[in-house]
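Novice: Take a look at the letters that make up each chain.
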Amino acid sequence: MHTPLRDRVALITGGAGGIGAATARKLAGQGAAVVVADRDAVAAERVAADLRDEGLDVRAAAMDQTDPEQVERVFTAAVEAHGRLDICFANAGWGRVDAFLDLPLDTWNRHVAVNLTGTFLVCQTAARHMAEGGRGGSIIVNSSNGAIAPAALFSAYCATKAALNMLVQVMAGELGGHGVRVNAVMPGVTATAMTKDLLEQGMDRLIEAQTPLGRVGRPEDVAAAVAFLAGDDSSYITGAAHLVDGGATHNVPRWFTTDYRRRGRTEWRLRHLETPITEGGGA
Amino acid sequence: MTGTLAGRTALITGAARGIGAAIATRMAAEGAHVALCDLDAEGARATLARIEHDGGKGIVQEADVSDADAAKAVVAQAAERLGGLDILVNNAATGARAKIRDYTLEDWDRVLAVNLRAPFVLSQAALDHLARSGAGAIVNICSVAVIGFFGQIAYDASKGGLLSLTRALAVELGRSGIRANAVCPGFVDTAMAEHGNLREIAAKQTATQPIARIGRPEEIANAVCWLASEEARYVTGQALFVDGGWVRA
Numbered sequence: 001m002h003t004p005l006r007d008r009v010a011l012i013t014g015g016a017g018g019i020g021a022a023t024a025r026k027l028a029g030q031g032a033a034v035v036v037a038d039r040d041a042v043a044a045e046r047v048a049a050d051l052r053d054e055g056l057d058v059r060a061a062a063m064d065q066t067d068p069e070q071v072e073r074v075f076t077a078a079v080e081a082h083g084r085l086d087i088c089f090a091n092a093g094w095g096r097v098d099a100f101l102d103l104p105l106d107t108w109n110r111h112v113a114v115n116l117t118g119t120f121l122v123c124q125t126a127a128r129h130m131a132e133g134g135r136g137g138s139i140i141v142n143s144s145n146g147a148i149a150p151a152a153l154f155s156a157y158c159a160t161k162a163a164l165n166m167l168v169q170v171m172a173g174e175l176g177g178h179g180v181r182v183n184a185v186m187p188g189v190t191a192t193a194m195t196k197d198l199l200e201q202g203m204d205r206l207i208e209a210q211t212p213l214g215r216v217g218r219p220e221d222v223a224a225a226v227a228f229l230a231g232d233d234s235s236y237i238t239g240a241a242h243l244v245d246g247g248a249t250h251n252v253p254r255w256f257t258t259d260y261r262r263r264g265r266t267e268w269r270l271r272h273l274e275t276p277i278t279e280g281g282g283a
Numbered sequence: 001m002t003g004t005l006a007g008r009t010a011l012i013t014g015a016a017r018g019i020g021a022a023i024a025t026r027m028a029a030e031g032a033h034v035a036l037c038d039l040d041a042e043g044a045r046a047t048l049a050r051i052e053h054d055g056g057k058g059i060v061q062e063a064d065v066s067d068a069d070a071a072k073a074v075v076a077q078a079a080e081r082l083g084g085l086d087i088l089v090n091n092a093a094t095g096a097r098a099k100i101r102d103y104t105l106e107d108w109d110r111v112l113a114v115n116l117r118a119p120f121v122l123s124q125a126a127l128d129h130l131a132r133s134g135a136g137a138i139v140n141i142c143s144v145a146v147i148g149f150f151g152q153i154a155y156d157a158s159k160g161g162l163l164s165l166t167r168a169l170a171v172e173l174g175r176s177g178i179r180a181n182a183v184c185p186g187f188v189d190t191a192m193a194e195h196g197n198l199r200e201i202a203a204k205q206t207a208t209q210p211i212a213r214i215g216r217p218e219e220i221a222n223a224v225c226w227l228a229s230e231e232a233r234y235v236t237g238q239a240l241f242v243d244g245g246w247v248r249a
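First to last, the sequence lines map onto chains B and R. This note's numbering applies: residue 1 is where the first sequence begins, and numbers increase by one. This note's numbering applies: residue 1 is where the second sequence begins, and numbers increase by one.
In case anyone wonders, no lab produced these hints; they're calculated from the structure. One or more of the hints may lead you astray.
[What the hints assert, rightly or not] Beta-carbon label-pair distances, calculated as ranges:
(1) R:SER164 <-> B:GLY177: 32 to 40 angstroms
(2) B:LEU101 <-> R:ALA96: 49 to 57 angstroms
(3) B:ALA113 <-> R:GLU200: 47 to 55 angstroms
(4) B:LYS196 <-> R:ARG101: 56 to 64 angstroms
(5) R:ILE100 <-> B:GLY83: 50 to 58 angstroms
(6) R:ALA68 <-> B:GLU132: 35 to 43 angstroms
Idealized CB from N, CA, C, for every residue including glycine.
Could you put together the complete structure from these sequences and hints?
Specialist: Here is the structure:
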């Protein structure tokens, strides 16, 4: 077996989700010892147990990244258990569909707390352990193509993801002296529990139609990019943001559209399919 | 090496030295059969000899890709001699250093012909071969100059154009199963660095970037190989900066 990540230790947040679990499998398959952290402790343990059954070195940890104490505790425990931390995939995120005019403050705050503040805490804690360890490391942040391509009804999501891209660039600049590389991946729409509801509303066909490679993304697509950025083949790459979107972003996608000629009567519809959007949630 | 390109065939322009030679070497090590195209046939043969010494396989093609007929012939012959074409790497490039006021139209045309027109001609000529592959991949070697401050107007414009060309190829050719991506290197340790005071400039520049050293050609090759491989099967239209954090951090 090819194990370029042998003797490396990786921590993945949101590790029980689709992209997190696929990345745990990928990194562990390349020889890394992996800690799967997730708010859902039961799901995290299920992912870890499945991978252990395949002979991989994976443990679970319960962690809500909006709580600084939990983040500190889980990272400290991981470093104590394995003696080091080489790779952190800051993957956990949260999203909801809302028209800007109706976006509740609580929903906005939740995006900021999970996607931005939570990812900041995770990255800062990981970077401190890596700097202290003195062996360098690789931090990969799960952003989104929504960080560079606006999507109607996703204002809070896109804004927090755009903020992450800049956080990655500044972190890369500050952490270079510690040998820590920092990069982002920007998935397009990927088939996971987070996007299930939207995809089932007909967005799957829309994405297929608008994406040059003709399909919705798979968690394994993103996991492969994370593994590349985690390993030594990307030794000269830092501060970058990598699209894993089947080319969709450069085809200028618009998922939800409205007829702007009808002043004051904005009605958001899934483009092409003319499927009325009934309610928020699930994105 | 893990054989990520086993059974594939790849055409690399500007393959005699530097980044192109490193790309051909790594691709051959990953199992690809490589066509090394260069103006400098002797240099390409020397690179191929090293590849063959390590158990790799390839051919040498002497051509000036700024000549459209020659470029088309290179693609046709590479596909014929290698038995198809899965990967095209547009790496050959040139430059001319002068202030805008002094820049000659001859230099402008020459730089654009090598850096921008040739990748278009080669990609167009390779379309059917790449589509037949089922996993066709084009990788264009751009530059941090796509950000726009390298100080060579034709070079900067050609690399910006090459990135837009890459994205257009990605969007239009996706349905043919062809992916197109760009790699944007920063300062890399090649013969080009020996020109004028470039090495001195590189030492000053790289001291202030997060990865405080000049890049190795192999590090560019690693990124090119990854983009060309099945690991990047959902990646197209991407600009991958391999620059030690120079322009993005």
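Novice: Against this structure, judge whether each hint is valid.
Specialist: Status of the hints after comparison with the structure:
no.: 1; hint: R:SER164 <-> B:GLY177: 32 to 40 angstroms; result: holds, 35 angstroms
no.: 2; hint: B:LEU101 <-> R:ALA96: 49 to 57 angstroms; result: holds, 54 angstroms
no.: 3; hint: B:ALA113 <-> R:GLU200: 47 to 55 angstroms; result: holds, 49 angstroms
no.: 4; hint: B:LYS196 <-> R:ARG101: 56 to 64 angstroms; result: holds, 60 angstroms
no.: 5; hint: R:ILE100 <-> B:GLY83: 50 to 58 angstroms; result: holds, 57 angstroms
no.: 6; hint: R:ALA68 <-> B:GLU132: 35 to 43 angstroms; result: violated, 58 angstroms
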